[in-house]
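Asks: Each chain, letter by letter, is given below.
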Amino acid sequence: MRGYHDIGGKDAGPIDLTELPWQHWEKQVEAIRNLLGDATRRVMSLDELRLGFESFGEDKYRRYSFYRRRLEAMIDTLEKKGLLTRAEVEAEFEAVRARWRPACRGD
Amino acid sequence: MPPPKTVSIRFRPGDAVRVLDLGLAGHVRTPAYVRGRTGRIVGFVGCFLNPEALSVGNTSGPMVPLYRVAFEMRALWPEFDRNEADRLYLEVYEHWLAPATASDADPKRRESDHA
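Protein sequence lines, in the order shown, are assigned to chains A and B.
Under my numbering, residues 3 to 109 are what the first sequence spells out, in order.
Under my numbering, residues 52 to 166 are what the second sequence spells out, in order.
Chain A with its partners taken away, still in its complex shape:
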């Protein structure tokens, strides 16, 4: 039983050592993950999140970045627990985009 994420020791070619700066949204994903998993809330453990991205399919796993995997698995897990729906999250993304769009155009 070897998951698609369990790549230790496999041939992978040269490792890309480019330093990537932390994006603001990536920090937010990590902050929310920490709050959901802390000792007082215990809404979702880190291991639940890991099971999420280790089982949501190899195609997504390979396509998504580290924090995108976490974000997607977090939404899946919270939806499974009945705390929110993906549609609600998408609607909120859209509302936030709409708030920022005019400023970004320089209107």
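Hints were generated in silico from the structure; no laboratory data involved.
Treat the hints with care, since some could be wrong.
[As the list claims (entries may be wrong)] Partial selection, computed: residues in chain B whose CB lies under 7 Å from chain A:
| # | residue |
| --- | --- |
| 1 | Pro82 |
| 2 | Ala83 |
| 3 | Pro102 |
[To be verified] Stretches of chain A that chain B covers, calculated by requiring three or more beta carbons in the stretch to come under 8 Å of a beta carbon on chain B:
| # | segment |
| --- | --- |
| 4 | 5–12 |
| 5 | 47–54 |
Positions of the beta carbon are idealized from the N, C-alpha and C atoms, including for glycine.
Since chain A is already given, all that's left is putting chain B on it; use the hints.
Replies: Below, chain B alone, put in the same frame as chain A:
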């Protein structure tokens, strides 16, 4: 919350151990490359909730002992030809470990583990 139950510790530093292949589906913290391989206990890390249980939302325990295990590089990568003193250190939960036997050190056995 009830007081934590006492957990007995099966291994001591210096013990030779073999990593089991439990064949579990779902979230496990023991990578494939170390399963079936032999190493040595270098330390007891502590007792923690089992991540396999946590991954499916079970936070009620029991706690499981976690050990730091040292592996000779050639036990993991037979073609390794660098510093003999190099070790790979990995933290492994107790239920993934068994006492190593003499036949565990046989390279032929390691080959068959690869198959």
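Asks: Indicate, hint by hint, whether the structure satisfies it.
Replies: Hints, one by one, checked against the model:
1. Pro82: Given a least distance of 5 Å, the restraint on Pro82(B) holds.
2. Ala83: holds (4 Å)
3. Pro102: holds (4 Å)
4. 5–12: Since 3 is at least three, the answer is holds.
5. 47–54: Three-residue rule met by the segment 47–54 of chain A, so holds; n is 6.
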